[in-house]
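Peer 1: Below, each chain spelled out in residue letters.
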Amino acid sequence: MQTFDLEAHGLRQLNSALHALRGQTNETAWEIVNPKGSHAIAVGLDAPIDVTVRGSTGYYCAGMNKQATVRVKGSAGPGVAENMMSGTVIIDGDASQYAGATGRGGLLVIKGNASSRCGISMKGIDIVVHGNIGHMSAFMAQSGNMVVLGDAGEALGDSLYEARLFVRGSVKSLGADCIEKEMRPEHIAILADLLKRGEADHLAKPEEFKRYGSARKLYTFNIDNASSY
Amino acid sequence: MCGIVGLFLKDPKLEPNLGAMLTDMLITMTDRGPDSAGIAIYGRPEKGRAKLTVQSATPDADFETLAADLGKAIAAKVTGTAKDTHMVLELPDDRLDAARHALRSLRPNAKVMSAGEGIEIYKEVGLPKDVAARFDIAHMSGTHGIGHTRMATESAVTTMGAHPFSTGSDQCLVHNGSLSNHNSVRRVLKQAGMTFETENDTEVAAAFISHKLQEGAKLGEAMEATLTDLDGFFTFVVGTKNGFGVVRDPIACKPAVMAETDQYVAFGSEYRAMVNLPGILSARVWEPEPATVYFWER
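Quick note, the sequences are listed as chains W and V, same order. The first sequence: position 90 = 90 (UniProt numbering), numbered continuously. The second sequence: position 50 = 50 (UniProt numbering), numbered continuously.
Keep in mind the hints are simulated off the structure, nothing from the lab. Note that the structure is a prediction, hence the values are computed from the model and not measured. We treat Cβ as the ideally placed atom computed from N, Cα and C, and that holds for glycine. Be careful, since some hints might not be right.
As a list, the in silico EDC-like pairs of lysine to aspartate or glutamate whose alpha-carbon atoms are at most 20 Å apart [stated by the list, open to error]: (1) Lys-111/V with Glu-199/V; (2) Lys-47/V with Glu-124/V; (3) Lys-205/W with Glu-182/W; (4) Lys-172/W with Glu-289/V; (5) Lys-241/V with Glu-199/V; (6) Lys-73/W with Asp-151/W; (7) Lys-241/V with Asp-94/V; (8) Lys-129/V with Glu-117/V; (9) Lys-111/V with Glu-124/V; (10) Lys-73/W with Asp-50/W; (11) Lys-36/W with Asp-94/V; (12) Lys-36/W with Asp-24/V; (13) Lys-36/W with Glu-117/V; (14) Lys-196/W with Asp-92/W; (15) Lys-172/W with Glu-117/V.
So, partial list: chain W residues that the calculated Cβ filter (under 7 Å) puts toward chain V [what the hints assert, rightly or not]: (16) Gly-37; (17) Ser-96; (18) Ser-115; (19) His-202; (20) Lys-205.
This is chain W alone, in the form it adopts within the complex (with noise of 0.2 Å):
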């Protein structure tokens, strides 16, 4: 176990370490201490290592990931694995605004509440939130999984492409184009997977959820639905 103390070393330090770490290491677990809150903490990281920070964070911590595990044992900032291509983020606490946005693949686990905007414009990311998640979450997403164990704020997934969307709770308002959509054994399937991975397969069955997705109206520009867009 490697321990990296921020408060002490700075994060172009941090950063550097983890970015040498590319291809094969044997330095496969980090601790990271004193995160106070700081700033893209574990960014950009292209190794498969396992990373836990003990704190919360701020802005954008564990952007761009690719094939690690970050582990924030706090609450997280806005921008939380934006921009993830895979592996994954597991938040024991909160996270702040646009939690996953622009995220192509991997998972991103929110223990607590996601705020508002969370997988605005998602890409191929999988995004499980144990609690709430705020306004306008699922904005434009494209696609990729979102599930959320509680409720969701005003306009789910306005503006959808293909993003699956299973919500347990309420919603509530569904943006433009966002329509609840019938659950079929294939959405079970993927659900219950996403539960066991999300860490929240004790938590709630899959049968709970309703599934929302794009009524596909808006995708190629029609006079008629102009007032929509």
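Assemble the complex: chain W is given as a structure, and chain V must be docked to it using the hints.
Peer 2: Frame of chain W, contents of chain V only:
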């Protein structure tokens, strides 16, 4: 961008440390707003006394005999404490309006930062650490306070363009964001008799709330009205004699984090502003909801 910090103490034992805690929070927010900084501190009001905080670009000339001159003009006992470019004048509370009026002819170049029973506002252009040091904020005690680091988007980088803005007795407001309809709202408020010192959008928000209060609204109602009448992005933190409140616009893209313990309620644009507060690791920390008014009073 701008950075906002706020601290409302529930535990009187922390009161001597208020200035030090707020200074630390303010300096942490420097990279959100290095243009200017300001802080409003509320002390425990002294019965029958009021405070007038004034600023001058030429303090040596303006402050030397100001307390005596003002005392003579309003026929009352006035004491003054100068700190760098600011001076806090203490006087009988029923002579506050008379003092403001007299000040205009006695020291036409001096600007009123705040007036009220508890409030003192210090603000200047420069880095937050320098501004806090100039006024020795770290050694001030009080019950609650709010601070701001400015990255200017609307209007010039000047002392008067710095936050907090105070447009009513014991009231102040700081803002992160920008308002798009501030000119039209200012016009309406001017017709209703409000006066303005700057072209700044935030001053309009402060005056909007003061005007609503003058019309008889409760503070919560006045803050609620910002959601329908002010257009743009905002997180506002408002200070009053007894408390402080928070409201974010319905889009809520300007960041805000709150923390509450048995000892205090704290506000920060970012969590890192609060990391050195006592007991923060076991505090209830949350993000205020959009279009929702939060308020604490003692």
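Peer 1: All hints, please: hold or fail.
Peer 2: Hints, one by one, checked against the model:
1. Among the hinted pairs, Lys-111/V with Glu-199/V is consistent with the structure: their alpha-carbon atoms are about 16 Å apart, no more than 20 Å.
2. Between Lys-47/V and Glu-124/V, the direct Cα distance comes to roughly 30 Å. Violation of the 20 Å bound is thereby established for this hinted pair.
3. With a C-alpha separation of about 16 Å, the suggested pairing of Lys-205/W with Glu-182/W holds against the 20 Å cut-off.
4. A threshold of 20 Å between alpha carbons decides the hint, and for Lys-172/W with Glu-289/V the separation of about 14 Å falls inside it, so the pair holds.
5. The suggested pairing of Lys-241/V with Glu-199/V is violated, with an alpha-carbon distance near 26 Å, which exceeds 20 Å.
6. Pair hint Lys-73/W plus Asp-151/W does not hold up; C-alpha atoms about 23 Å apart against a cutoff of 20 Å.
7. Restraint check: the Cα-Cα separation between Lys-241/V and Asp-94/V comes to about 17 Å, which is no more than 20 Å; the hinted pair holds.
8. A threshold of 20 Å between alpha carbons decides the hint, and for Lys-129/V with Glu-117/V the separation of about 27 Å lies outside it, so the pair is violated.
9. For the hint pairing Lys-111/V with Glu-124/V, the CA-to-CA distance comes to about 12 Å; that is within 20 Å, so the pair holds.
10. The suggested pairing of Lys-73/W with Asp-50/W holds, with an alpha-carbon distance near 13 Å, which does not exceed 20 Å.
11. Distance hint between Lys-36/W and Asp-94/V is unfulfilled; the C-alpha atoms sit about 47 Å from each other, more than 20 Å.
12. In summary, the hint linking Lys-36/W to Asp-24/V is supported, as the alpha carbons are separated by about 14 Å, within the 20 Å threshold.
13. This hinted pair does not check out: Lys-36/W and Glu-117/V have alpha carbons roughly 37 Å apart, beyond 20 Å.
14. Of the pairs offered as hints, the one joining Lys-196/W and Asp-92/W holds, with about 16 Å between alpha carbons and a cut-off of 20 Å not exceeded.
15. Note on Lys-172/W and Glu-117/V: the hinted pairing is violated, with a Cα-Cα distance of about 44 Å set against a maximum of 20 Å.
16. For Gly-37/W, the shortest C-beta to C-beta distance to chain V is roughly 3 Å, which falls under 7 Å, so the interface hint holds.
17. Hint on Ser-96/W holds. Least Cβ distance to chain V is approximately 6 Å, under the 7 Å limit.
18. Given hint, Ser-115/W at the interface with chain V, holds; its Cβ is 5 Å from that chain's nearest Cβ, closer than 7 Å.
19. Checking His-202/W against chain V: minimum C-beta separation of about 25 Å lies over 7 Å; hint violated.
20. A least Cβ separation of about 28 Å between Lys-205/W and chain V goes past the 7 Å threshold, and the interface hint is therefore violated.
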